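*Asks:* Sequence:
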Amino acid sequence: MDTASIEDEEDLESVLEEQEGKEGETQYIKTSIYDKPIRAVALMDTGSCATVLKPHVLPKEMWAPFSKKFAEANSEVFTINLIYKKLIGLEIFAGQTTWIRVLGSYLPDKDVMFGFDAFFRTHGLHIKPAGLSDKGQFLPFTWIQSILEIQEAPKAYKKVQQ
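For the sequence shown, UniProt numbering begins at 1 and goes up steadily by one.
Calculated directly from the structure, the hints in this document are not laboratory data. Note that the structure is predicted; figures quoted are calculated from it, not measured. Treat the hints loosely; a few may be bogus.
Derived Cβ-Cβ restraints for the label pairs, each shown as a range [as the list claims (entries may be wrong)]: (1) G124 with K155: 50 to 60 Å; (2) G89 with F66: 18 to 28 Å; (3) K135 with Y106: 11 to 21 Å; (4) A64 with E152: 24 to 34 Å.
Virtual Cβ for every residue (Gly too), placed ideally from N, Cα, C.
Can you build the whole structure from these sequences, using the hints too?
*Replies:* Shown next, in the form of structure tokens:
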């Protein structure tokens, strides 16, 4: 699947309101004063052709039914059933927002999986062995432990079990 098959022709103005700045430059403002950026735990996956987001991160009413089958590297096939109705802005580095349409699916331990479509549309982004770089900014890759971690039960619990 290429990213063009997800109907990227929708203009940005349908998602954002445009306001003319003092110097004649175009500034984009949020469609609602209550919209705030959402921080999310992301997985960078250059093998994925599309960016996937957990549906609970964004409002339910903005998701539309969508059916697309994908093949994993181990040859298993899975289906994604949701697509976000509008383009969303993903900001990897400060001041650089990439507008793309995302698919919805539940991912283990992550909120967002950046696919190659997000990398391709973020101009100037360089993928290096230690992290991502863009115009003097560097974002190192980090390992995030699983939220649920298996640990040995305390001795007090072991006594109760016996």
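*Asks:* Give a verdict on every hint.
*Replies:* Checked hints:
no.	hint	result
1	G124 with K155: 50 to 60 Å	55 Å, holds
2	G89 with F66: 18 to 28 Å	20 Å, holds
3	K135 with Y106: 11 to 21 Å	34 Å, violated
4	A64 with E152: 24 to 34 Å	46 Å, violated
Going down the numbered hints, you'll see the structure goes against 3 and 4, while the others check out.
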